[in-house]
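*Asks:* Please construct the entire structure, taking both the sequences and the accompanying hints into account.
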Amino acid sequence: MNEGETFIRPLFPSDLEQLKALHEACFPIQYEKHYFQNAVHGRAGMRSWAAIHPCRTSGDAEEARSQNQVVGFVIARVNSAWDLTPEEHVGLGLAPTDGTHLLYILTFGVHEKWRRRGLGDQLVQALVGYSRLNGLRCIYLHTLDQNEAAQRFYRHAGFVAKLEIPRYYSLAASSAWTDTDHAAILYALDVDVKDPRLPPQSNAGPLRSVECGSSTRLPGLLPLSLWRAAFLRLGLVILRTLRVDPAQAKLNLVRLFSRQQSRAS
1 MNEGETFIRP LFPSDLEQLK ALHEACFPIQ YEKHYFQNAV HGRAGMRSWA
51 AIHPCRTSGD AEEARSQNQV VGFVIARVNS AWDLTPEEHV GLGLAPTDGT
101 HLLYILTFGV HEKWRRRGLG DQLVQALVGY SRLNGLRCIY LHTLDQNEAA
151 QRFYRHAGFV AKLEIPRYYS LAASSAWTDT DHAAILYALD VDVKDPRLPP
201 QSNAGPLRSV ECGSSTRLPG LLPLSLWRAA FLRLGLVILR TLRVDPAQAK
251 LNLVRLFSRQ QSRAS
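Residue 29 in the UniProt record's numbering sits at position 29 of the sequence shown; the count goes up by one each step and never skips.
Source of the hints: derived by calculation from the structure; they are not laboratory data.
Note that the coordinates shown come from a computational prediction; the quantities given were computed from them, not determined experimentally.
Careful, some of the hints might be misleading.
Now the in silico label distances, taken between C-beta atoms and shown as ranges [to be verified]:
id	residue 1	residue 2	range
1	13	166	37 to 45 angstroms
2	7	181	36 to 44 angstroms
3	129	167	19 to 27 angstroms
Keeping only pairs whose Cα atoms sit at most 30 angstroms apart, straight-line, the calculated DSSO-like set for lysine-lysine is [stated by the list, open to error]:
id	residue 1	residue 2
4	20	113
5	20	33
6	113	33
Positions of the beta carbon are idealized from the N, C-alpha and C atoms, including for glycine.
*Replies:* Okay, structure coming up:
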């Protein structure tokens with residue numbers, strides 16, 4: 001690496017304040033302090049990388065690190081198919097029982113002065129490399145339906161728009177967008193992992209567990225999610241036979257089943 005050349009590395013605890021400032025510059029949303037702390041310490045299944053512009057210094061390595069400028073970042077979290085919402089199951093074509101692990105992009109941004117220099121592409125490659133090593137078969141995210149710049153970037157990076165989810169975001173009227181409720185576009189990038197059967201390595205952090213209490217079980221002691229997955233698969237077989245659009249039909253089935261669950265609980 002040449003002197004002064006921008007590079008990609010994991011976020012460090014010393015990047016905390018710069019990370020917060022860059023989020024404030026990039027997003028009309030206020031994030032809690034623990035979000036940044038989890039990101040820089042790798043807690044709660046989070047994995048994060050930064051685009052760093054090195055500042056010249058005559059001091060030691062620790063001083064040089066503290067003076068480096070964070071000009072871009074990506075924060076992601078390892079999820080399993082169990083963590084997905086009904087809409088995400090539809091968009092990604094996954095059932096809760098698939099046993100698949102994915103990487104979910106929480107926030108992604110590059111300083112305005114450092115855009116169009118390939119830093120965003122390098123951050124995406126960091127995500128792809130991590131996913132391949134850890135057997136994560138998909139990288140996915142939500143983006144605001146009105147954020148055309150972000151959508152152009154993700155399409156350029158190989159992501160595919162899977163689904164529009166109405167009223168996903170609720171923003172303050174004083175933000176950059178005048179309306180308060182906005183749809184989200186679900187984007188996904190399939191990853192060619194070395195071996196799809198490999199589970200995530202231990203350094204991927206803890207995965208959130210799913211608790212199945214008595215109110216979430218049906219007769220036979222099977223979790224409700226298993227019954228829902230079987231119900232959806234059977235319904236899709238019937239719908240394909242009838243030549244009905246499977247994506248829209250599956251979303252309707254999920255919503256119908258969710259309403260039945262709420263009535264039973």
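*Asks:* None of the hints should be skipped; say for each whether it holds.
*Replies:* To see whether the hints hold, each was checked on the structure:
1. 13 - 166: 37 to 45 angstroms: With a Cβ separation near 39 angstroms, residue 13 and residue 166 satisfy 37 to 45 angstroms, so the hint holds.
2. 7 - 181: 36 to 44 angstroms: Check passed, 40 angstroms falls within 36 to 44 angstroms.
3. 129 - 167: 19 to 27 angstroms: Since the Cβ atoms of residue 129 and residue 167 sit about 35 angstroms apart, the hinted range of 19 to 27 angstroms is violated.
4. 20 - 113: Answer holds: residue 20 to residue 113 is near 17 angstroms, not above 30 angstroms.
5. 20 - 33: holds, 8 angstroms
6. 113 - 33: Satisfied, since the Cα-Cα distance of roughly 25 angstroms is no more than 30 angstroms.
Violated hint for the displayed structure: number 3, the only one.
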